[in-house]
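Since chain A is already given, all that's left is putting chains B, C and D on it; use the hints.
The lines below spell out each chain.
Protein chains: 4
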Amino acid sequence: MDTHLQPEQIVKQLAHFWSNNLPFNKLLGLTVTKFDCATSEVRFVWQNQLMGNPLQKILHGGVTAAALDLAGGVVVAANMIEQLEHKSPENIQQSLNCLGTIDLRTDYLRPGRGEEFIATAHIIRSGNKVAVARMEMHNEKGEHLAFGTGTYLVG
Amino acid sequence: MDTHLQPEQIVKQLAHFWSNNLPFNKLLGLTVTKFDCATSEVRFVWQNQLMGNPLQKILHGGVTAAALDLAGGVVVAANMIEQLEHKSPENIQQSLNCLGTIDLRTDYLRPGRGEEFIATAHIIRSGNKVAVARMEMHNEKGEHLAFGTGTYLVG
Amino acid sequence: MDTHLQPEQIVKQLAHFWSNNLPFNKLLGLTVTKFDCATSEVRFVWQNQLMGNPLQKILHGGVTAAALDLAGGVVVAANMIEQLEHKSPENIQQSLNCLGTIDLRTDYLRPGRGEEFIATAHIIRSGNKVAVARMEMHNEKGEHLAFGTGTYLVG
Amino acid sequence: MDTHLQPEQIVKQLAHFWSNNLPFNKLLGLTVTKFDCATSEVRFVWQNQLMGNPLQKILHGGVTAAALDLAGGVVVAANMIEQLEHKSPENIQQSLNCLGTIDLRTDYLRPGRGEEFIATAHIIRSGNKVAVARMEMHNEKGEHLAFGTGTYLVG
Chain A
1 MDTHLQPEQI VKQLAHFWSN NLPFNKLLGL TVTKFDCATS EVRFVWQNQL MGNPLQKILH
61 GGVTAAALDL AGGVVVAANM IEQLEHKSPE NIQQSLNCLG TIDLRTDYLR PGRGEEFIAT
121 AHIIRSGNKV AVARMEMHNE KGEHLAFGTG TYLVG
Chain B
1 MDTHLQPEQI VKQLAHFWSN NLPFNKLLGL TVTKFDCATS EVRFVWQNQL MGNPLQKILH
61 GGVTAAALDL AGGVVVAANM IEQLEHKSPE NIQQSLNCLG TIDLRTDYLR PGRGEEFIAT
121 AHIIRSGNKV AVARMEMHNE KGEHLAFGTG TYLVG
Chain C
1 MDTHLQPEQI VKQLAHFWSN NLPFNKLLGL TVTKFDCATS EVRFVWQNQL MGNPLQKILH
61 GGVTAAALDL AGGVVVAANM IEQLEHKSPE NIQQSLNCLG TIDLRTDYLR PGRGEEFIAT
121 AHIIRSGNKV AVARMEMHNE KGEHLAFGTG TYLVG
Chain D
1 MDTHLQPEQI VKQLAHFWSN NLPFNKLLGL TVTKFDCATS EVRFVWQNQL MGNPLQKILH
61 GGVTAAALDL AGGVVVAANM IEQLEHKSPE NIQQSLNCLG TIDLRTDYLR PGRGEEFIAT
121 AHIIRSGNKV AVARMEMHNE KGEHLAFGTG TYLVG
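Residue numbers (our numbering), protein chains in the order written: chain A, 1 to 155; chain B, 1 to 155; chain C, 1 to 155; chain D, 1 to 155.
Read the hints as simulated data drawn from the structure, not as lab findings. You may find that some hints are simply not true.
It does not matter which identical chain is used: a pair holds within one copy or between any two.
Derived DSS-like pairs: lysine-lysine, alpha-carbon spacing no greater than 25 Å straight-line [as the list claims (entries may be wrong)]: (1) LYS57 <-> LYS26; (2) LYS57 <-> LYS141; (3) LYS129 <-> LYS57; (4) LYS129 <-> LYS87; (5) LYS57 <-> LYS12; (6) LYS87 <-> LYS141; (7) LYS34 <-> LYS87; (8) LYS87 <-> LYS12; (9) LYS12 <-> LYS141; (10) LYS26 <-> LYS87; (11) LYS141 <-> LYS34; (12) LYS26 <-> LYS129; (13) LYS26 <-> LYS12; (14) LYS26 <-> LYS141; (15) LYS12 <-> LYS34.
The structure presented is a predicted model; accordingly, all values stated were derived computationally and were not measured.
Just chain A, same shape as in the assembly:
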């Protein structure tokens, strides 16, 4: 990470990093499309290899869980960075190294059908040890496919 950047540029770099340098996110085509310290959005498009049920052409539940987990992790990370006293790249990197999912609950509401999928997250608990985010996933028609709740270790 370039150490001469401003916090905003670092945040932009992070979105790029999450979408392009994390192998599993890249495999699934998960793209971080927006985020701030309260909300985030992750998008991906249908690919046949994401199918969990070939008879019905619906997403595998693990794909949904992965997208929700990423959306939650991104908003938690942004919130964590926001709270850093010194937003140096070293401090940001150190914080991100500590970030981890403790537990994730996914509620599947409807079969995962669609051309594009949008996972959104907002932070519901922000602390110096633990943060909690709630997530939703819709398809391009606005059909609500899933809910999620994730608890993350921070700091």
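Chains B, C and D in isolation, oriented as in the chain A frame:
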């Protein structure tokens, strides 16, 4: 599905089907290695594309969730088939079409490091509408990486 | 239950029944204050016997879980009754006898301090076997204390 | 808390305190019957006021959640105390003040019928910020009534 097979052969076909014909399971290399109406086992080996954190070479949380969901779904399916009065391929197929994950909770205990990963499931609630399974994931050294609980729609 | 009542009157009777005839709800002072087939509200006031931590005068986590479970169960019941073809008291009673909580997740966001507590629920999945509700709990100042998600067996 | 006691005596005092001085535990009759840094046990007997469904004489789901939460909290507390470098009453007290439930999942397996109920917990993740416990509840006949998973803030 060949309609002249015995129930046991059908079950064998199913394990093959889950491992080889479901695109996302195949992408992840998830293999159903054993199952009966009470327990199941799913194995997969490390691949770089399953990485969630390139700095630390650990599994993406979505991979863990996908493996636990499959292990739970397999034992629930086997249990459901066991309870069918007439185990014809048509009845089995019809039952499987109704099977779906309602909710899944994953507890991440340790970073997902290892060469091979073993997800096991056992059924804890078996009903004619809903079944619940508990899952665990270990690596090849026996380190306990994750717990899961899944609620499935059956019948 | 009086069998000569209209569906609306039956629903009113139910709210009264849940608040007054279920011993544990009565012990906690849980009162069903409104509900329809999409949302519900349960209220209760602080009592010293609901304390989980005497040093800090905060609600026991089990009280929060009980209030969220009731709010979720009420909206699921109302939704279930709405979907009955024949809303006779017998059919309603039979449906209610089948209703049960499969699983409940409670996320505690802040210490449970307050004079009055308001649990609200809305239905997020409505089916003929399983329904899912999301719940929230606030205090009289509007502080958000807890979130919940409940999966219920219906039909 | 008497400051001249040995750690073991403090632990004994704690069990007494949890069972007798926490108003809601006392109301429900929850008694901490054993615990060490890896497992715990909480028992309580049937009382009509714990009824959730008067037609079927079964426990309210909130009672089950409360018992599981206590069992989990007790084993997490014992584990936390075990890890303290200086087990002075002041340090123990300070640690206990930080302890809180972050989230709790309860899986209801069977209707809560019985004369006595036994909730047990074991620790599955032990850290300096967060601990996770898994719980089970049986009745006096050994029937398995519920499972639980709790994530706790420590330290």
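Margin query: For a quick check of understanding: which of the numbered hints are violated here, in increasing order?
Written below: 6, 9, 10, 12
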